[in-house]
Structures are given as C-alpha cells and as structure tokens.
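Chemist: Order-wise, the sequence lines are chains A and B. Using this note's numbering, the first residue of the first sequence is number 1, and each one after it goes up by one. Using this note's numbering, the first residue of the second sequence is number 1, and each one after it goes up by one.
Keep in mind the hints are simulated off the structure, nothing from the lab. Hints may contain errors.
[What the hints assert, rightly or not] Residues on chain B that point at chain A, a partial pick, calculated with CB under 7 angstroms:
| hint | residue |
| --- | --- |
| 1 | Y39 |
| 2 | P40 |
| 3 | L44 |
| 4 | L46 |
| 5 | K58 |
| 6 | T94 |
| 7 | Y95 |
| 8 | G97 |
| 9 | N99 |
| 10 | L106 |
[What the hints assert, rightly or not] Computed Cβ-Cβ distance ranges for the label pairs, DEER-style:
| hint | chain 1 | residue 1 | chain 2 | residue 2 | range |
| --- | --- | --- | --- | --- | --- |
| 11 | A | D38 | B | T55 | 16 to 26 angstroms |
| 12 | A | Q22 | B | E15 | 17 to 27 angstroms |
| 13 | B | A96 | A | N70 | 48 to 58 angstroms |
| 14 | B | A17 | A | L69 | 44 to 54 angstroms |
| 15 | B | S28 | A | G3 | 47 to 57 angstroms |
| 16 | A | R107 | B | I60 | 34 to 44 angstroms |
| 17 | B | I60 | A | P39 | 21 to 31 angstroms |
| 18 | B | A111 | A | G53 | 39 to 49 angstroms |
| 19 | B | Q2 | A | M41 | 11 to 21 angstroms |
| 20 | A | N70 | B | M83 | 23 to 33 angstroms |
| 21 | B | H82 | A | S67 | 36 to 46 angstroms |
| 22 | B | A111 | A | S95 | 11 to 21 angstroms |
[Claimed, not checked] Taking lysine-lysine and the DSBU-like style, the derived pairs with C-alpha atoms no more than 35 angstroms apart in a straight line are:
| hint | chain 1 | residue 1 | chain 2 | residue 2 |
| --- | --- | --- | --- | --- |
| 23 | A | K9 | B | K69 |
| 24 | A | K9 | B | K68 |
| 25 | A | K9 | B | K58 |
| 26 | A | K57 | B | K58 |
| 27 | A | K14 | B | K68 |
| 28 | B | K101 | A | K9 |
From the three backbone atoms N, C-alpha and C, an ideal C-beta is built for every residue, glycine too.
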Amino acid sequence: NAGVTQTPKFQVLKTGQSMTLQCAQDMNHNSMYWYRQDPGMGLRLIYYSASEGTTDKGEVPNGYNVSRLNKREFSLRLESAAPSQTSVYFCASISGSYEQYFGPGTRLTVT
Amino acid sequence: AQSVTQLGSHVSVSEGALVLLRCNYSSSVPPYLFWYVQYPNQGLQLLLKYTSAATLVKGINGFEAEFKKSETSFHLTKPSAHMSDAAEYFCAVTYAGNNRKLIWGLGTSLAVNP
Numbered sequence: 001n002a003g004v005t006q007t008p009k010f011q012v013l014k015t016g017q018s019m020t021l022q023c024a025q026d027m028n029h030n031s032m033y034w035y036r037q038d039p040g041m042g043l044r045l046i047y048y049s050a051s052e053g054t055t056d057k058g059e060v061p062n063g064y065n066v067s068r069l070n071k072r073e074f075s076l077r078l079e080s081a082a083p084s085q086t087s088v089y090f091c092a093s094i095s096g097s098y099e100q101y102f103g104p105g106t107r108l109t110v111t
Numbered sequence: 001a002q003s004v005t006q007l008g009s010h011v012s013v014s015e016g017a018l019v020l021l022r023c024n025y026s027s028s029v030p031p032y033l034f035w036y037v038q039y040p041n042q043g044l045q046l047l048l049k050y051t052s053a054a055t056l057v058k059g060i061n062g063f064e065a066e067f068k069k070s071e072t073s074f075h076l077t078k079p080s081a082h083m084s085d086a087a088e089y090f091c092a093v094t095y096a097g098n099n100r101k102l103i104w105g106l107g108t109s110l111a112v113n114p
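Construct all of the structure, not just a fragment, from the sequences and the given hints.
Modeler: Right, dumping it as structure tokens:
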C-alpha cells in the first residue's frame, strides 16, 4: 500500500516549457486534490476532482490544467511555465472520514 | 465564509516545555477540524481530527487538541516538547457538503530549543 505517489520529485523548467506532474493513489478514494505551497502562504488549492470524470477549479487555477485519468490518477499540467509557478506541488486524496493523505511533493523551479 | 486563523507564524519552546499552537476557525455549520504536521522536505501528515465526537481529541506523538465551540477554537497542545517535534503545523477545517475541500490556516513553524 503506497498511499499517494507523485512524480517527479524535482524539476527545473525554463520559462515557456510545459510539463505534467503525475499523481496516483491506491486507497480507492473518490476525491483528489492539487495544491501548491509557497513560503508564508500555506497550501492553496489549484484544482480538485470530487470523483472520477469531474474536475473543478480551486483558488489558483490560472496557468494549470488537470486530468482525472481514472479513479487512481490525477495529473496536473503546466502548458507554458512561468517563474511565478516556482513552488512545491502536493497531490492529496481524501477518505470517507475527511482525512487527506498527501504525496511527498514535487519541487518545481522555473527559470 | 469559512476560514482558519493560526495565531503565531513562529513558535519557539524549550525541550520539555509545554507546546501550545493556536487555531481559531469560523464556520456557520458544524465543522470538521484537523491538525497536520509537515517535517522538512516532506508531505503533510495527519496529527489528529475532530469530527463531532469527543471534544478532546488525542493524536499521534503525544499531541492533543480540544474543540471549544464557544470560543471557535481548536488549539493543539503537547505537555512536553521533544526535539523531534520541530516542524510546520497546519490547522484545517471543512464541513459536510463542501466537496470535501479543506480550508487551511497559514501554518505555524515550531522550533524546539535544547
């Protein structure tokens, strides 16, 4: 039981490049989330998926897209990376009792 | 609108001293409340949660929190700090019907001095 896994762990992009962050959970949870974490700003929700086949915007969706590929996988795509997207990205899923389980994070730097 | 306020972005205690991290919430409906811990370069891990059962909740690593509806608070305590408790602590709230989205505080960084 791996919980929530994320790849890659680290990434450096140049401005304008694109990339996809992968997330998978093996706990059979319906809901999954993408957050970004910046110093002094806590966790901010980018997108979430309440169930397979649905996605919705969170607080800071601009510059991002998501895909809920199946119940296990929820990916986050940066189409044209900007320095403002330098951050640590966390994927999470939530249990029936509202407990969120987090992946280890992806540290992204955009130069 | 629901919100979470963590008083004190940085707290410093001596090893063996009481740890008190403050969290106040605003919610117009019965809340579910959580404390998470984040160790350096790691993801967040659930410490404890309140979901309308006992108001005093015990979590992992000797932490506990008390839900006080009259004060809209959910403060986190530990009687005796250990060096390994140094981490970032986040309080969060949600409620039924919110698409299971959590509303997060900005976090409190706990330093433990020898």
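Chemist: All hints are to be evaluated individually against the structure, with a verdict given for each.
Modeler: Hint by hint, here is what the structure shows:
1. Against a cut-off of 7 angstroms between C-beta atoms, the interface hint on Y39/B is violated, since the closest Cβ of chain A lies about 11 angstroms away.
2. Hint on P40/B is violated. Least Cβ distance to chain A is approximately 11 angstroms, over the 7 angstroms limit.
3. For L44/B, the shortest C-beta to C-beta distance to chain A is roughly 5 angstroms, which falls under 7 angstroms, so the interface hint holds.
4. Satisfaction of the interface hint for L46/B is found here, the shortest Cβ-Cβ separation to chain A being roughly 5 angstroms, below the 7 angstroms cut-off.
5. The restraint placing K58/B at the interface with chain A is violated, with a minimum CB-CB distance near 15 angstroms, outside the 7 angstroms limit.
6. With a least beta-carbon distance of about 6 angstroms to chain A, the hint placing T94/B at the interface is held under the 7 angstroms criterion.
7. Residue-level restraint check for Y95/B is violated (minimum Cβ-Cβ distance to chain A is 9 angstroms; threshold 7 angstroms).
8. For G97/B, the interface hint is violated, the least distance from its beta-carbon to any beta-carbon of chain A being 11 angstroms, above 7 angstroms.
9. For N99/B, the suggested interface contact is upheld, since its CB lies about 5 angstroms from the closest CB of chain A, less than 7 angstroms.
10. At a threshold of 7 angstroms, the smallest CB-CB gap from L106/B to chain A is about 4 angstroms, leaving the interface hint in force.
11. A hinted range of 16 to 26 angstroms for the beta carbons of D38/A and T55/B is inconsistent with their spacing of about 34 angstroms.
12. A C-beta distance of roughly 40 angstroms is found between Q22/A and E15/B, which places it outside the suggested range of 17 to 27 angstroms.
13. Checked against the given bound of 48 to 58 angstroms, the beta carbons of A96/B and N70/A, roughly 27 angstroms apart, lie outside it.
14. In this structure the hint that A17/B and L69/A lie 44 to 54 angstroms apart at CB holds, the actual value being about 48 angstroms.
15. Between S28/B and G3/A the Cβ separation comes to about 33 angstroms, which falls outside the hinted range of 47 to 57 angstroms.
16. A C-beta distance of roughly 26 angstroms is found between R107/A and I60/B, which places it outside the suggested range of 34 to 44 angstroms.
17. At roughly 26 angstroms, the beta carbons of I60/B and P39/A sit within the given window of 21 to 31 angstroms.
18. Checked against the hint of 39 to 49 angstroms, the pair A111/B and G53/A passes, with Cβ atoms roughly 45 angstroms apart.
19. One distance hint, 11 to 21 angstroms for the beta-carbon pair Q2/B and M41/A, holds here, with the actual separation near 18 angstroms.
20. Between N70/A and M83/B the beta carbons are some 43 angstroms apart, a value that contradicts the proposed interval 23 to 33 angstroms.
21. For the pair H82/B and S67/A, the supplied restraint of 36 to 46 angstroms holds, since their beta-carbon distance comes to about 42 angstroms.
22. The beta-carbon spacing between A111/B and S95/A, approximately 31 angstroms, falls outside the hinted interval of 11 to 21 angstroms.
23. For the given pair, K9/A sits about 40 angstroms from K69/B by alpha-carbon distance, which is inconsistent with the 35 angstroms threshold.
24. Under the criterion of a C-alpha separation no larger than 35 angstroms, the hint pairing K9/A with K68/B is inconsistent with the structure, at around 39 angstroms.
25. Only pairs whose Cα atoms come within 35 angstroms are accepted, and K9/A paired with K58/B is accepted, the gap being roughly 32 angstroms.
26. Distance restraint check for K57/A and K58/B: the Cα-Cα separation of roughly 34 angstroms lies within the 35 angstroms cut-off, and the hinted pair is therefore satisfied.
27. Under the criterion of a C-alpha separation no larger than 35 angstroms, the hint pairing K14/A with K68/B is inconsistent with the structure, at around 49 angstroms.
28. Distance hint between K101/B and K9/A is fulfilled; the C-alpha atoms sit about 25 angstroms from each other, no more than 35 angstroms.
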